[in-house]
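If you read the sequences in order, they're chains L and U.
Going by the numbering used here, the first sequence opens with residue 358, and the numbers climb by one from there.
Going by the numbering used here, the second sequence opens with residue 358, and the numbers climb by one from there.
Be careful, since some hints might not be right.
As the list makes no split between identical chains, a pair holds if one copy fits it or if it spans any two.
As the list claims (entries may be wrong) - Lysine to aspartate or glutamate pairs mimicking EDC-like chemistry, simulated, CA-CA at most 20 Å apart:
hint: 1; residue 1: K680; residue 2: D584
hint: 2; residue 1: K632; residue 2: E588
hint: 3; residue 1: K425; residue 2: D606
hint: 4; residue 1: K629; residue 2: E463
Please keep in mind that the hints were generated in silico from the structure rather than gathered at the bench.
There are 2 protein chains.
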Amino acid sequence: MISVKEALQLVEQNAIYGETISVSTAEALGCILAVPAVAIINMPPFPQSAMDGYAVRISETSGNYVLKGEVKAGDEHSYDLKKGEAVRIFTGASVPDTADAVIMQEKVTRKNDSEITLEENPKLNQNIRPLGEQFSVGQEIIGKGTLLNPAALSYLVSAGITSVKVYRKPKVAIVITGNELIDINSPYQQGKIYESNSILLRSELNQLRIDEVTIIRIGDDYQTTEDTLREALNAYDFVLVSGGISVGDYDFVGKALTTIGTEEIFYKIKQKPGKPLYFGKHEGTFVFGLPGNPASSLTCFYMYVTPLLKRFIGSSNIHLERKQLPIAHAYTVKGIRAQFLKALVRDDKVSVMDQQSSAMIASFIQANSYIFLPEYSENLTENESVEVILL
Amino acid sequence: MISVKEALQLVEQNAIYGETISVSTAEALGCILAVPAVAIINMPPFPQSAMDGYAVRISETSGNYVLKGEVKAGDEHSYDLKKGEAVRIFTGASVPDTADAVIMQEKVTRKNDSEITLEENPKLNQNIRPLGEQFSVGQEIIGKGTLLNPAALSYLVSAGITSVKVYRKPKVAIVITGNELIDINSPYQQGKIYESNSILLRSELNQLRIDEVTIIRIGDDYQTTEDTLREALNAYDFVLVSGGISVGDYDFVGKALTTIGTEEIFYKIKQKPGKPLYFGKHEGTFVFGLPGNPASSLTCFYMYVTPLLKRFIGSSNIHLERKQLPIAHAYTVKGIRAQFLKALVRDDKVSVMDQQSSAMIASFIQANSYIFLPEYSENLTENESVEVILL
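Construct the entire structure; sequences and hints are all you get.
This is the structure we're talking about:
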């Protein structure tokens with residue numbers, strides 16, 4: 358049995374980046390860039406008008422300009438302006454090379470179809486976004502390791518980048534064990550409970566944008582357990598086994614993993630909930646034996662599985678954020694193991710939620726954090742500073 | 358032209374909840390519950406063992422018990438224990454009605470196949486999770502308005518609830534206007550730019566779990582604009598028009614919306630960026646005319662579109678969170694309009710990001726907040742408290 362700190366270190370030491378793949382920019386939301394993105398075009402790709410108004414070639418002698426035509430956004434054109442000449446222009450349109458200022462329309466009097474008067478002296482390059490102002494061809498515009506959010510995707514597209522190299526998502530198998538479990542779509546049977554850990558884990562994976570998730574349900578039968586795990590360890594990047602890992606006579610998972618030759622990284626952590634967590638590796642596949650109790654399972658998932666998943670999909674920063682906050686009330690500590698108490702941070706204070714039992718998932722619906730109590734913690738007094746792990 | 362405050366009030370006043378629909382619990386991740394969820398079964402559905410050990414009917418006279426059999430998790434059984442009798446039992450298994458304690462296996466000596474000795478006196482109901490401890494049939498287990506996160510889905514499933522009433526997601530059309538825009542998959546053409554607002558807005562909608570998004574691209578042609586908008590206003594819940602809303606001669610959107618008979622709720626806000634924002638309603642459909650500049654468009658989306666979308670999908674709390682924070686550096690305010698400055702909150706301080714221009718989206722890749730400067734703000738000194746809007 359190891360400490361929480363040792364377990365987290367072992368997770369960190371074993372974390373690896375997944376392979377990189379090319380994906381279409383349109384499909385890359387939430388992916389992490391594995392190679393810097395380099396602009397294919399200049400932005401703007403031409404000197405661009407920042408206003409609706411008039412592009413002029415500045416005359417030093419007169420505020421009157423001869424109107425030679427019009428350039429709308431998107432127009433190709435070849436106006437060759439001489440001093441004292443102008444074209445009508447619109448926001449986003451290409452400014453003629455020979456123009457040296459754009460005057461906003463509110464500052465211009467249009468005398469007739471072919472003549473305008475400027476109300477003030479134009480300034481050189483006024484209201485012209487220069488070619489390549491944002492970036493130039495070949496320039497790195499987004500760095501390696503950047504999470505591709507909507508703004509990033511839009512920036513990539515504006516730079517002409519149709520595909521990007523990102524870290525691939527893992528393929529995950531969730532293996533649900535237990536004779537007591539029945540499918541939510543079956544009628545209720547005496548002695549059984551509805552199996553809910555698969556939807557819990559699958560949804561958490563979906564929240565991390567991991568969608569290739571296979572759910573496999575098996576009963577408490579040794580040979581089936583061994584065969585299923587062997588197959589899963591060969592076919593997936595992560596195998597999350599729910600239940601069957603404690604020392605009960607009918608818990609087969611540990612024995613099966615040993616027989617298959619899985620390398621045990623740790624088994625059992627001095628913590629509550631989630632003591633009987635198993636973490637192992639088998640030829641590049643990570644396997645977790647998660648406790649069957651939903652709340653224990655979720656705590657283990659957040660603390661130990663999520664960091665590995667995040668590293669696999671390209672995150673450098675994989676652990677949950679921690680901060681010190683005052684607790685809103687006194688709290689009597691039970692037991693000596695390190696504890697993750699489901700908690701609610703509000704107005705810069707933290708409160709322990711009701712229903713901390715490892716079988717009870719309800720408090721996770723509202724919880725936004727844990728209070729982490731190290732081993733041998735003493736009772737807490739109101740406003741005492743505690744370590745909070747943000748979810 | 359109205360103030361930011363008035364615009365936000367008008368958004369709030371017009372916000373409506375979408376209709377409610379039934380969805381399978383398995384498909385309800387991220388939905389908001391429109392009707393409280395009521396348990397179909399008790400949890401636990403039977404007195405349940407919390408341990409691997411022995412279920413006993415307590416004898417007042419002896420620590421020796423006769424072993425009558427075994428109950429595994431998931432077993433149906435009909436053991437009728439007399440005082441001094443016990444069954445082997447496992448975590449999650451149904452405790453016989455006649456048993457009144459479960460003793461953990463570490464506290465029991467097994468003498469032979471049919472006899473055990475308890476090492477300490479059993480306590481009544483010890484290690485038995487009573488029937489209905491978590492909830493009973495007919496009990497409201499999750500309240501209306503709750504966001505269905507993974508824990509909530511798992512809780513619903515454990516209660517036998519196969520479908521839930523939630524607020525439906527809106528159908529959204531994104532109408533992209535502008536002759537200057539070309540598709541990212543086309544070769545580059547002089548005078549044009551790659552169209553990037555559709556991926557920006559679509560991805561933002563996807564982040565809100567709104568996936569029914571249609572993108573329509575039109576050129577700067579009045580009749581096409583009118584026809585497209587008329588059709589979109591009939592077929593979608595939200596129509597987001599990108600570009601074509603300012604007063605340039607080739608901006609047709611405003612005129613078309615008026616012709617169609619759209620009710621204008623506001624047009625133009627005293628703010629930077631995003632001044633020419635249009636917000637209207639047409640027979641239950643909301644329409645926004647968003648500026649064509651990506652950064653302006655995104656700011657308008659976050660501040661004015663998102664609250665309406667969030668209310669539609671069932672949120673009571675629809676505006677972005679605000680807090681006061683010290684600014685990490687002095688800042689010179691330009692102009693008198695209210696301003697949303699892209700900003701980075703780090704270590705409880707906030708900094709203005711580079712590249713505030715409305716054409717530049719790059720700073721949104723890293724930004725996690727705005728600094729909101731009201732109209733007529735004065736220059737800021739280092740550590741001055743400013744209003745921060747969290748993204």
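Against the earlier hints, flag every one the structure doesn't satisfy and list their numbers going up.
The structure breaks hints 1, 2; every other hint is satisfied.
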